[in-house]
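Asks: Here is what each chain is made of, one letter per residue.
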Amino acid sequence: MPSRRQTLAGIGLAAAGLIGGYTVTAAQSTSGTLDWPMARYDAAGTGYNPDASGPKADPQVAWAGDLERTGGLEPDPPVVVDGMVYAGTENLFALDAATGDVLFSYGNYGVSHSSPACAATSIYRTKTLAISSPGGLVGLNAGGGMALFGVHVGKQRWRGPGTEPEPSVFGPSKAPPPVSVDETVYAVAPTTSDMVALEADSGRERWRRRFPGGDIGGTAFRPAVSGDTVYATGWPSDVAAFDAETGSKQWAESLDDADVNRPPTATETGVVVPTRRGVTLYEDSGDVRWMRNLDGNATEGAVAVAEGRVFVSDGDESLYALDLETGADVWSVAFRHEATPVVADGVVYMTSGAELIAFDAATGERRFTREAEWYFSPPAVGDGVLYIVDGDQVLALEDEP
Amino acid sequence: MTEEPFDPTPGGSDRAGAGHPVSPFSLALDRLQRDPVLFVPFVVAGVCLWLLDWIRRHDPIPTMPVEQNGASITVAYTGYPTGVPETARALSSLIDLKLPYLVWGITLEVVAVFVIAAAGTVTIARGLSADSGGTTPRRLLAYVGLVASFDVAFRILTALVGDAVGLIAGLILIVPLFVVFVRVFAAPAFIVSGSGPVTALRRSGRATRGRGWSILPLVVAFGLAAWLLGLVPWVGTILSTALVGSVHAVTVAVVRETATDGHGGR
Chain A
0 MPSRRQTLAG
10 IGLAAAGLIG
20 GYTVTAAQST
30 SGTLDWPMAR
40 YDAAGTGYNP
50 DASGPKADPQ
60 VAWAGDLERT
70 GGLEPDPPVV
80 VDGMVYAGTE
90 NLFALDAATG
100 DVLFSYGNYG
110 VSHSSPACAA
120 TSIYRTKTLA
130 ISSPGGLVGL
140 NAGGGMALFG
150 VHVGKQRWRG
160 PGTEPEPSVF
170 GPSKAPPPVS
180 VDETVYAVAP
190 TTSDMVALEA
200 DSGRERWRRR
210 FPGGDIGGTA
220 FRPAVSGDTV
230 YATGWPSDVA
240 AFDAETGSKQ
250 WAESLDDADV
260 NRPPTATETG
270 VVVPTRRGVT
280 LYEDSGDVRW
290 MRNLDGNATE
300 GAVAVAEGRV
310 FVSDGDESLY
320 ALDLETGADV
330 WSVAFRHEAT
340 PVVADGVVYM
350 TSGAELIAFD
360 AATGERRFTR
370 EAEWYFSPPA
380 VGDGVLYIVD
390 GDQVLALEDE
400 P
Chain B
0 MTEEPFDPTP
10 GGSDRAGAGH
20 PVSPFSLALD
30 RLQRDPVLFV
40 PFVVAGVCLW
50 LLDWIRRHDP
60 IPTMPVEQNG
70 ASITVAYTGY
80 PTGVPETARA
90 LSSLIDLKLP
100 YLVWGITLEV
110 VAVFVIAAAG
120 TVTIARGLSA
130 DSGGTTPRRL
140 LAYVGLVASF
150 DVAFRILTAL
160 VGDAVGLIAG
170 LILIVPLFVV
180 FVRVFAAPAF
190 IVSGSGPVTA
200 LRRSGRATRG
210 RGWSILPLVV
220 AFGLAAWLLG
230 LVPWVGTILS
240 TALVGSVHAV
250 TVAVVRETAT
260 DGHGGR
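Protein sequence lines correspond, in order, to chains A and B.
End of the first sequence = 400 in numbering that gives the first Met the number 0, gap-free, step of one.
End of the second sequence = 265 in numbering that gives the first Met the number 0, gap-free, step of one.
Since the hints were derived computationally from the structure, they do not count as laboratory data.
Computed from a predicted structure; not experimentally measured.
All residues carry an ideal CB built from backbone N, CA and C; glycine is no exception.
Hints may be right or wrong, so weigh each one.
Claimed, not checked - Footprint (simulated), chain A over chain B, 3 or more residues, beta carbon under 8 Å:
| # | segment |
| --- | --- |
| 1 | 32-38 |
| 2 | 94-101 |
What the hints assert, rightly or not - Here are some chain A residues pointing at chain B (derived, C-beta under 8 Å):
| # | residue |
| --- | --- |
| 3 | R68 |
| 4 | G71 |
| 5 | L72 |
| 6 | D95 |
| 7 | M145 |
| 8 | Q155 |
| 9 | W157 |
| 10 | T298 |
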């Protein structure tokens, strides 16, 4: 048997060899861009970064990055982290936020993978991107890994919960994007209606809760996290609040006469839950603070909440700005589409298929409209820049200097 | 399952059936029956790997999930005697770790390799009836080199091929892979009897010439058995390592002994 010293010497040599190769990795440079680390900006799902600002008048294309393939009728929104834009249709690409150059791409996670959510990590030098793919939740190395002896390794860190989807002529159903708070990822486990909390470092489950509608084939939407609470909604009628740390249920409601078909948004006042016809604000205790029937017919999208206002499309006729405290109309304008609004520096950005429309957040006045070549994703907003996927491209849109 | 007809074994120390075609597998079982101490190294290794499983599950570095979709079977064969641990760590999950975690993660993998190499070296040395050298640190390090090069080759192959390979391409790839497995089958025994890794591979290639069809079922059987025993909840790591590791190691010794090249161990 080898002596302990020989064994340790062998270990030391092996470690030194790998560390030697390891230092070749270039550290991620961080430019001065503002982060938009997940779909709808934050874990609460507000769609609003108070520090960001986008174009206000007729914007110009600062750069266009190539995604190789188009992403169907509903491309996923890009995210921005540490000077990189992550966007993709079939493959997920990392582009330089300043130039649009593709820096690297991640393997094939299928067309139905979600937008990534960027999470902090305590054991890695680079952040972790969590995506939902049909085979499960996946943790990616935001730095793209490294080339080791000519082979590129280290793009995927872990594969978390989820099961292979049943084959379907419609293809795998699209999983909602995960959200992240510090080093925890909250998500709907792909192909289930289970809400899970994972460690961003390892992908291990902290807790898992079967969502009420899961037993009857219901669908759970992107969760919203605020403080110690994870809010979740699920078709056809569920609204629930879980403890973020333990997963224990704080309260649950069943809106039997409503049609809960969109994700919630968490605010300091409570959680905003859009339904097919209208929108409801629940207080932290689960009591209804206000309920508005907008007589709408919305089936997709989400609401944005910024500076005390709720921006919501009724999916039929109007875009509303409602007072967060009371639910009263602040303004409403004609808008005949479903949408996921995004708010920055007094402007509400809406995409509906082939159109990007900017409204003044204070008045509802239309600022500009831009046509897509293919179809637009919901946007992400940086420092004077709006990033948006248009078919097989990512565009950085800016006001003319 | 592995009672395959075996070519006559000229010049070997075939004590169980001189002059009769006897499979190395039954010779190995016979040897294990007569000397149960041969099981000890891989039982100890199994317990060590089981402890490493526990540590991997509780440290903060990601482990690979156990792929159990019920629809596929796996031949868990790696080229040297070992078992199937319940946890594994992908190389890609070590990339960009902060230094203390990287050192920790690598240390666990290195310890796992040393444990298996030590068990393999000791068992094969004892299993070689004509062996005179015992287990020296030099032999152990050469064995570690062999195990490490097999592992690196596998990881590179996996990284290159990935999940993208289709059924047809996969089947085409499997043929040369199993040819290589058969040809390197006896390499661990040549290492233990004193050859360097490259010489051991060359000698193994010679020693297995003309015996491919009798060794192939062994490769498949050991791979299947290791995988099946590895599925046993909680103690799968210990079971697969202790049983498959031991039998595989002694079989490798027998194949090396009964080879026409058998006299040229040094």
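Asks: Now look at each hint and say whether the structure bears it out.
Replies: Hint check:
{"no.": "1", "hint": "32-38", "result": "violated (count 0)"}
{"no.": "2", "hint": "94-101", "result": "holds (count 7)"}
{"no.": "3", "hint": "R68", "result": "violated, 16 Å"}
{"no.": "4", "hint": "G71", "result": "violated, 22 Å"}
{"no.": "5", "hint": "L72", "result": "violated, 27 Å"}
{"no.": "6", "hint": "D95", "result": "violated, 19 Å"}
{"no.": "7", "hint": "M145", "result": "holds, 6 Å"}
{"no.": "8", "hint": "Q155", "result": "holds, 5 Å"}
{"no.": "9", "hint": "W157", "result": "holds, 4 Å"}
{"no.": "10", "hint": "T298", "result": "violated, 34 Å"}
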